[in-house]
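Novice: Okay, here's what each chain looks like letter by letter:
2 protein chains.
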Amino acid sequence: MTVEVSRRRLLGAVGAAGATGVVLGAAGGAAGYAAAGDGPAGGTALSAVGSASAPFRGAHQAGIVQPLQARGHLIAFDLTPGTGRKEAIALLRRWSAVAEALMAGKPAGDGDTGVALDAGPCALTVTFGFGASFFDRTGLVDRRPVQLEPLPAFSADRLDPRRSHGDLWVQIGADDALVAFHALRAIQREAGAGARPRWQMNGFNRSPGATAHPMTARNLMGQIDGTGNPKPAEPDFDRRIFVAPGGAQPWMTGGSYAVVRRIRMLLDDWEKLPLAKQEQVIGRRKSDGAPLTGGGETTELDLDRTGPDGRLVVPGNAHARITAPEQNGGAAMLRRPFSYHDGIDPDGTPDAGLLFIAWQADPLKGFVPVQRKLDRGDALSPFLRHEASGLFAVPGGPGDGEYVGQRLLEA
Amino acid sequence: MTVEVSRRRLLGAVGAAGATGVVLGAAGGAAGYAAAGDGPAGGTALSAVGSASAPFRGAHQAGIVQPLQARGHLIAFDLTPGTGRKEAIALLRRWSAVAEALMAGKPAGDGDTGVALDAGPCALTVTFGFGASFFDRTGLVDRRPVQLEPLPAFSADRLDPRRSHGDLWVQIGADDALVAFHALRAIQREAGAGARPRWQMNGFNRSPGATAHPMTARNLMGQIDGTGNPKPAEPDFDRRIFVAPGGAQPWMTGGSYAVVRRIRMLLDDWEKLPLAKQEQVIGRRKSDGAPLTGGGETTELDLDRTGPDGRLVVPGNAHARITAPEQNGGAAMLRRPFSYHDGIDPDGTPDAGLLFIAWQADPLKGFVPVQRKLDRGDALSPFLRHEASGLFAVPGGPGDGEYVGQRLLEA
Numbered sequence: 001m002t003v004e005v006s007r008r009r010l011l012g013a014v015g016a017a018g019a020t021g022v023v024l025g026a027a028g029g030a031a032g033y034a035a036a037g038d039g040p041a042g043g044t045a046l047s048a049v050g051s052a053s054a055p056f057r058g059a060h061q062a063g064i065v066q067p068l069q070a071r072g073h074l075i076a077f078d079l080t081p082g083t084g085r086k087e088a089i090a091l092l093r094r095w096s097a098v099a100e101a102l103m104a105g106k107p108a109g110d111g112d113t114g115v116a117l118d119a120g121p122c123a124l125t126v127t128f129g130f131g132a133s134f135f136d137r138t139g140l141v142d143r144r145p146v147q148l149e150p151l152p153a154f155s156a157d158r159l160d161p162r163r164s165h166g167d168l169w170v171q172i173g174a175d176d177a178l179v180a181f182h183a184l185r186a187i188q189r190e191a192g193a194g195a196r197p198r199w200q201m202n203g204f205n206r207s208p209g210a211t212a213h214p215m216t217a218r219n220l221m222g223q224i225d226g227t228g229n230p231k232p233a234e235p236d237f238d239r240r241i242f243v244a245p246g247g248a249q250p251w252m253t254g255g256s257y258a259v260v261r262r263i264r265m266l267l268d269d270w271e272k273l274p275l276a277k278q279e280q281v282i283g284r285r286k287s288d289g290a291p292l293t294g295g296g297e298t299t300e301l302d303l304d305r306t307g308p309d310g311r312l313v314v315p316g317n318a319h320a321r322i323t324a325p326e327q328n329g330g331a332a333m334l335r336r337p338f339s340y341h342d343g344i345d346p347d348g349t350p351d352a353g354l355l356f357i358a359w360q361a362d363p364l365k366g367f368v369p370v371q372r373k374l375d376r377g378d379a380l381s382p383f384l385r386h387e388a389s390g391l392f393a394v395p396g397g398p399g400d401g402e403y404v405g406q407r408l409l410e411a
Numbered sequence: 001m002t003v004e005v006s007r008r009r010l011l012g013a014v015g016a017a018g019a020t021g022v023v024l025g026a027a028g029g030a031a032g033y034a035a036a037g038d039g040p041a042g043g044t045a046l047s048a049v050g051s052a053s054a055p056f057r058g059a060h061q062a063g064i065v066q067p068l069q070a071r072g073h074l075i076a077f078d079l080t081p082g083t084g085r086k087e088a089i090a091l092l093r094r095w096s097a098v099a100e101a102l103m104a105g106k107p108a109g110d111g112d113t114g115v116a117l118d119a120g121p122c123a124l125t126v127t128f129g130f131g132a133s134f135f136d137r138t139g140l141v142d143r144r145p146v147q148l149e150p151l152p153a154f155s156a157d158r159l160d161p162r163r164s165h166g167d168l169w170v171q172i173g174a175d176d177a178l179v180a181f182h183a184l185r186a187i188q189r190e191a192g193a194g195a196r197p198r199w200q201m202n203g204f205n206r207s208p209g210a211t212a213h214p215m216t217a218r219n220l221m222g223q224i225d226g227t228g229n230p231k232p233a234e235p236d237f238d239r240r241i242f243v244a245p246g247g248a249q250p251w252m253t254g255g256s257y258a259v260v261r262r263i264r265m266l267l268d269d270w271e272k273l274p275l276a277k278q279e280q281v282i283g284r285r286k287s288d289g290a291p292l293t294g295g296g297e298t299t300e301l302d303l304d305r306t307g308p309d310g311r312l313v314v315p316g317n318a319h320a321r322i323t324a325p326e327q328n329g330g331a332a333m334l335r336r337p338f339s340y341h342d343g344i345d346p347d348g349t350p351d352a353g354l355l356f357i358a359w360q361a362d363p364l365k366g367f368v369p370v371q372r373k374l375d376r377g378d379a380l381s382p383f384l385r386h387e388a389s390g391l392f393a394v395p396g397g398p399g400d401g402e403y404v405g406q407r408l409l410e411a
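Taken in order, these protein sequences are the chains called G and L. Counting with UniProt numbering, you get residues 1 to 411 for the letters of the first sequence. Counting with UniProt numbering, you get residues 1 to 411 for the letters of the second sequence.
Isolated chain G, as found in the complex (with noise of 0.2 angstroms):
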């Protein structure tokens, strides 16, 4: 299945490339697991989806500012009895070692269990992070960020605590639903005695090609998300996104914070609402994303129209206008979900919603204030229950012969 990459897009993906760290490979780039070469006899050449790649190694962990893939799993460990200091090291240098694998688009070593054969990486990430408990438990109390402090209680709040916090996190992304759960069972393996899982979430977002507007994300109530994400490319991005250097814990610079939350949705409810109000509850035109004060998707909100009837043409308790940045003194954070579909509930109702992923250099910064805003008479929330939450202290990427989280543990 050979296909060719249309020239413009080609140099659209190269063009990007520093900003999204994902490597188109369909040029003659990696080839990976499926060159191996004792495949079945057929075509050789991997299509972009097959052959994109992305760095292990860089400033970043590969898997914050990369595109959305279409499959992702989420999964905590805990730290076993017995696993400290010494334990840790040695797990995380063989999770690198998985990972740098697996994202090349190579086997995960002996006894690879070949569910990716034949595939190309399909720009697999996997990203790792540390819950405040895992200084704890290997005597790193000191190293602890102050970033890792509880997140408050919010009223939407269900929490299941079985399903949140956790040691350790690993996040992984691919394109491919095969080559991501190939990774998950690697990295499953490769936690030995050492950590024993917490929780395991899946989710999914669109395959590429099925639309051809690769900006946009859609959630399961139909609205564009992520439209006022902070770009790459923006002068503060960096800043708000990652942790610079000269912080109170150096082993964090260039890391960042992941806030997890499972979030579901009432969809029976939420789509029992008309169109119209659905897009007052979100300050959005759920076609395109357009603010209702008129625009394209990316046009500013403009917060202080009325319309004829006097009314803020922009409700004041829309989604939209409570998590707009300039509402917020600017807080920002990258959010970066999955949604997330677990079947039915015996009473018929979708046990589905979002994975919400947020990215930001201080959650106190980024979720916390805009959570505290939503909290106090957010439209949308009385259509959402946060039934799992996670924080967790993402380091930066590693360097040459670096494992992820040395700095931490070896410093």
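Which copy is meant is left open, because identical chains are indistinguishable; a pair holds if it fits in one copy or across any two.
Calculated lysine to any residue pairs in the SDA-like style (CA-CA distance at most 25 angstroms, straight line):
#, residue 1, residue 2
1, 106, 59
2, 373, 150
3, 272, 201
4, 277, 192
5, 277, 303
6, 272, 109
7, 277, 111
Bear in mind the hints are in silico, worked out from the structure with no lab data behind them. All figures in this text were calculated on a predicted structure; none of them were measured in a lab.
Chain G is fixed; fit chain L onto it per the hints.
Specialist: Quick look at chain L alone, frame taken from chain G:
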């Protein structure tokens, strides 16, 4: 995101459209939902992934011979008390209307949730079937095919009745997860008060473009799966898969019987087996699916060949031997599965495996004899657990002006 499809691929696809029933719209065909014109500014051309569509009308329902899709939903419904034949007619009319619209890439009508906005049909198929209990509840017992007699019990069965059977069954598949979810919600909505979900399952396959080998699918054990499937080009394909005219139930002409099994894979056990042992269990090489007696994926097994030690090269209990058509009096079914992964159990083992869906003109000549043989000594059985089961009569495709099942309900 414009992707130009190579001339060779396009010609190949057009050449095969008669057999697989999928039309690639990249060269000016169905633009679908995304062409509604009200979307965000940007490209308007859909890729081959987005624009592929399957026909709603024809001799057979879509979702049987079409290529595996990246995402699937299975949902079974029970009629509610008070729903009889008349209400079932109205239900199947509503379902047919929404399935036809969605498969053409159009909205589901007023109240469309918008989740598929921007996307093309993405090869969406919606397939409807009737369970044995449907005929009692609608006073149509004389039209119940003998083929819906309960399947025999097998020793590996650990069936959960709450996730088995059902009056009605709907299979949804698409190459985009949001398009598939959108269709699932539309089908649930149109069920109205007439039918209530009994169970619902989610599955997946490779994303288009993830591999350069489109003829093969792998399952979560890493095995190539489906090699022995009957091919539409074979002269006896139609006779084996579809009900021929002149049978005891004329309304089933052009239809097929779907055997649905949720087969959990005991992956923690399987992955501990060394590669050579796994290949003995299957009788094929993992890398390329070739028989242990040599050749490539599609080479026939040499079932009589012995090795230097005098033993059969393909062991007597190898899965590929037991399921070989020549070992089953030519019994054949078209397996068109989705993998599933519903996270992890509390003990950390993955709840993952295969949503096995097998199509045949008569289950007593397809699934049943093969499964009986497997039950008596398949080397793979210790690694599998059948957790749910269903058997459904899937009528032929609707003609012009018909709804699905009309020849059953109104003949």
